[in-house]
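Novice: Spelled out from the first residue to the last, the chains are:
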Amino acid sequence: KNEVEQSPQNLTAQEGEFITINCSYSVGISALHWLQQHPGGGIVSLFMLSSGKKKHGRLIATINIQEKHSSLHITASHPRDSAVYICAQNRDDKIIFGKGTRLHILP
Amino acid sequence: NAGVTQTPKFQVLKTGQSMTLQCAQDMNHEYMSWYRQDPGMGLRLIHYSVGAGITDQGEVPNGYNVSRSTTEDFPLRLLSAAPSQTSVYFCASSSRGLAPGELFFGEGSRLTVL
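Chains H and F, in that order, are what the protein sequence lines are.
Each residue of the first sequence is one higher than the one before, counting from 1 in my numbering.
Each residue of the second sequence is one higher than the one before, counting from 1001 in my numbering.
In isolation and in its complexed conformation, chain F is listed as follows (with noise of 0.2 Å):
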């Protein structure tokens, strides 16, 4: 049981340059989120899904697409890269239903845009 995916760890990017962050969970998870963490900030979600088919927006979702094919894969895709962007990044995800569930996260992606 692999728990929550997510690649790569480490990737350095040129601005206007475009990358995806992969996630994938193999626990049958409705809901899966993508979050950066920057100093001072704490966690701020990005876009979350609460079931294939299903996107919304977070708090910072510019710049930033997903998508959601199935339950097992939430990628994260940055079109146009910018330095703003640098930032660690984590997928996590829970199960829902009458309750939600204990989450899981993946390692983290630290991303630099220089």
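Just chain H, with the same shape it has in the complex (with noise of 0.2 Å):
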């Protein structure tokens, strides 16, 4: 059992939806990560986040350390949000990921 989970697995919508991706860990953490991987490309950074929530653009990430979950949030969703987004959290002197959310916005 991966011990960072995320859901959904994979995700369509139009453009313009609102989308939420979740992601839930056994353990407790010193911090969480939301990464980005399009199609074929490299893996970038979103948000690294400890308590609360950060807003970057129409990206907005929260993690509720009690109940050991985080959310990645996009408004306004448009094509080029399409891509692998990935939870990852810090345990120790290791990093262990989810195994991502592909997300496809049509136009």
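None of these hints come from the bench; they were simulated from the model.
Here the structure is a predicted model, which means the values were calculated and not measured.
Ideal Cβ placement from N, Cα and C applies to all residues, glycine included.
Just so you know, not all the hints are guaranteed correct.
Covered stretches of chain H, going by a simulated chain F footprint (3 or more residues, C-beta under 8 Å) [to be verified]: (1) 24–34; (2) 42–54; (3) 80–91; (4) 97–105.
Partial list, derived from the structure: chain F residues whose beta carbon lies under 8 Å from chain H [claimed, not checked]: (5) F1010; (6) S1033; (7) G1042; (8) L1043; (9) L1045; (10) Y1048; (11) V1050; (12) A1052; (13) G1058; (14) F1090; (15) P1100; (16) E1102; (17) L1103.
Pairwise CB distance ranges, derived in the manner of DEER restraints [what the hints assert, rightly or not]: (18) F:R1044 <-> H:N64: 21 to 29 Å; (19) F:P1083 <-> H:T75: 42 to 50 Å; (20) H:N64 <-> F:T1007: 35 to 43 Å; (21) F:R1077 <-> H:T20: 36 to 44 Å.
Starting from two chains that each stand alone, build the complex the way the hints lay out.
Specialist: Take a look at the structure:
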């Protein structure tokens, strides 16, 4: 069982829709990361957070430490948001990754 | 500022051949790590290092060696390549200290072992 669980695994939505991707983890963390990987592309960091909420443009990340849960929201989604979104947590000296959520935004 | 530089981008090997994937960062990051990415498996940790001279095994270390002689470089060696090592490999780095830092990834290396 992966210790970082993401849902949904796949998501298709229409342009303009509000998108939510969820991440649950089983052990307390020092930090949680949200990453983005475009098809055939590299991996870039979107957010790193250990509490509360962060916002960058149309992207918002939240974390609830007590519930061991984080969400990534995309407002006014656009086809260029189509990518795999990966949740990862720092645990001791290791970083544990979820399997990713594949997002496809239709024009 | 180049960030994390990973080479080569593509490599084809025959079973039993050896090779080294290079990873270098210019951000003075203490933490460096290697992952492989396979369809349906997500990113899996191969080896990591928390500083020069210190390395440790991750989830899937068999068949791979690493060393960290400098802060900047963290090469990954395949001593005798096997078809099961066909994958996309990513190197990543981050700062450490009192709080973990943002992750920076190399562009990836696609390795095919025939």
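Novice: Hint by hint, note whether the structure agrees.
Specialist: Results for each hint:
1. 24–34: Since 3 is at least three, the answer is holds.
2. 42–54: holds (count 6)
3. 80–91: That given contact holds, which follows from 3 residues of the segment 80–91 of chain H lying within Cβ reach (below 8 Å) of chain F.
4. 97–105: Three-residue rule met by the segment 97–105 of chain H, so holds; n is 4.
5. F1010: Nearest chain H Cβ about 12 Å off; hint violated.
6. S1033: holds, 7 Å
7. G1042: Cβ of F:G1042 sits 4 Å from chain H, so the hint holds.
8. L1043: Since the shortest Cβ distance to chain H is 4 Å, the answer is holds.
9. L1045: holds, 6 Å
10. Y1048: holds, 7 Å
11. V1050: Cβ of F:V1050 sits 6 Å from chain H, so the hint holds.
12. A1052: Since chain H brings no Cβ nearer than about 15 Å to F:A1052, farther than 8 Å, the hint is violated.
13. G1058: holds, 7 Å
14. F1090: holds, 6 Å
15. P1100: This hint holds: F:P1100 lies near chain H, its Cβ roughly 4 Å from the closest one there, short of 8 Å.
16. E1102: holds, 5 Å
17. L1103: It holds, given that the least Cβ distance between F:L1103 and chain H is near 5 Å, below 8 Å.
18. F:R1044 <-> H:N64: 21 to 29 Å: holds, 27 Å
19. F:P1083 <-> H:T75: 42 to 50 Å: The hinted range 42 to 50 Å holds for F:P1083 and H:T75, with Cβ atoms some 44 Å apart.
20. H:N64 <-> F:T1007: 35 to 43 Å: holds, 40 Å
21. F:R1077 <-> H:T20: 36 to 44 Å: holds, 42 Å
Consistency with the previously given hints fails for numbers 5 and 12, ordered from lowest to highest.
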